[in-house]
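Please build the complete structure, drawing on both the sequences and the hints.
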Amino acid sequence: MTLALLASLVWLAPAHGAPRAVAKAAPKAVWGIDVSHHQGRIRWDQLRGQGLSFVYMKATEGDYMADHSFLENWQGAARAGLVRGAYHFYDLCGKGATQAAEFIKLVPRSPGSLPPAIDLEPSDHCERLPSRKALLKELSAYARKVRGRYGKAPVVYLNYEFYDRYLKGRKHGWLVWIVDYKDRPKLPDGRPWTFWQVSNKASLRGIKGPVDVDIFRGSAAQFVFLGKPVPALFAQR
1 MTLALLASLV WLAPAHGAPR AVAKAAPKAV WGIDVSHHQG RIRWDQLRGQ GLSFVYMKAT
61 EGDYMADHSF LENWQGAARA GLVRGAYHFY DLCGKGATQA AEFIKLVPRS PGSLPPAIDL
121 EPSDHCERLP SRKALLKELS AYARKVRGRY GKAPVVYLNY EFYDRYLKGR KHGWLVWIVD
181 YKDRPKLPDG RPWTFWQVSN KASLRGIKGP VDVDIFRGSA AQFVFLGKPV PALFAQR
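Just so it is clear: in the sequence shown, position 64 is 64 by this note's numbering, and no numbers are missing.
No lab work stands behind these hints: they were computed from the structure.
The list that follows gives simulated cross-link-like pairs (lysine-lysine, DSSO-like), each with its CA atoms no further than 27 Å apart:
1) Lys168 x Lys133
2) Lys182 x Lys201
3) Lys171 x Lys133
4) Lys186 x Lys133
5) Lys182 x Lys208
6) Lys137 x Lys168
7) Lys137 x Lys95
8) Lys28 x Lys228
Fair warning: this is a prediction, and the values are worked out from it, not measured in the lab.
Encoded structure:
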């Protein structure tokens with residue numbers, strides 16, 4: 001299938017049963033959720049039939065913590081027929097290579113899984129934000145090790161403030177997962193985003209309390225490409 005044809009299919013994937021935030025922002029989008037131990041025990045069987053296509057789940061944090069719900073969530077999502085992805089909560093003050101080693105130790109290589117994601121946001125483990133140069137040096141080391149293991153360019157989750165501070169204008173080859181609860185995202189340097197966290201207050205059967213909801217930028221046909229090694233369709237140039 002040609003790139004031109006794939007591009008013409010954007011927004012044609014139905015989102016039946018989607019949360020209000022998705023229905024309002026992009027009613028035909030491919031959408032999913034991201035979860036961690038904060039959601040407690042998830043009833044994956046109850047998530048069937050609600051329209052979601054994928055789930056990102058927390059695996060590790062820094063080089064000091066593994067999410068105790070990861071393996072159960074990883075297996076449960078597979079039973080529910082969802083496309084799975086794992087994310088790492090990055091320690092901004094830590095070493096990229098050692099953090100990557102912890103992620104690789106826990107997260108299996110699974111055919112068709114989403115590219116590994118990196119969660120960039122402030123935390124109590126790093127009181128003073130690193131410089132752009134310092135962070136990108138360590139983040140690049142992390143990305144190299146993870147890409148070498150899973151064969152896929154990583155996805156970087158962040159808000160506009162962090163995008164401006166660390167990624168704006170840089171040729172990094174990573175995919176972007178942007179947070180915007182107000183409007184359809186537009187990155188300040190004009191680059192495309194791949195995932196959009198549209199809400200952190202969605203309600204779904206099978207999950208107690210609110211859950212983050214995310215929209216994929218392309219079509220169902222394009223979504224398949226993310227499960228292939230080194231996806232280039234939405235890579236930053």
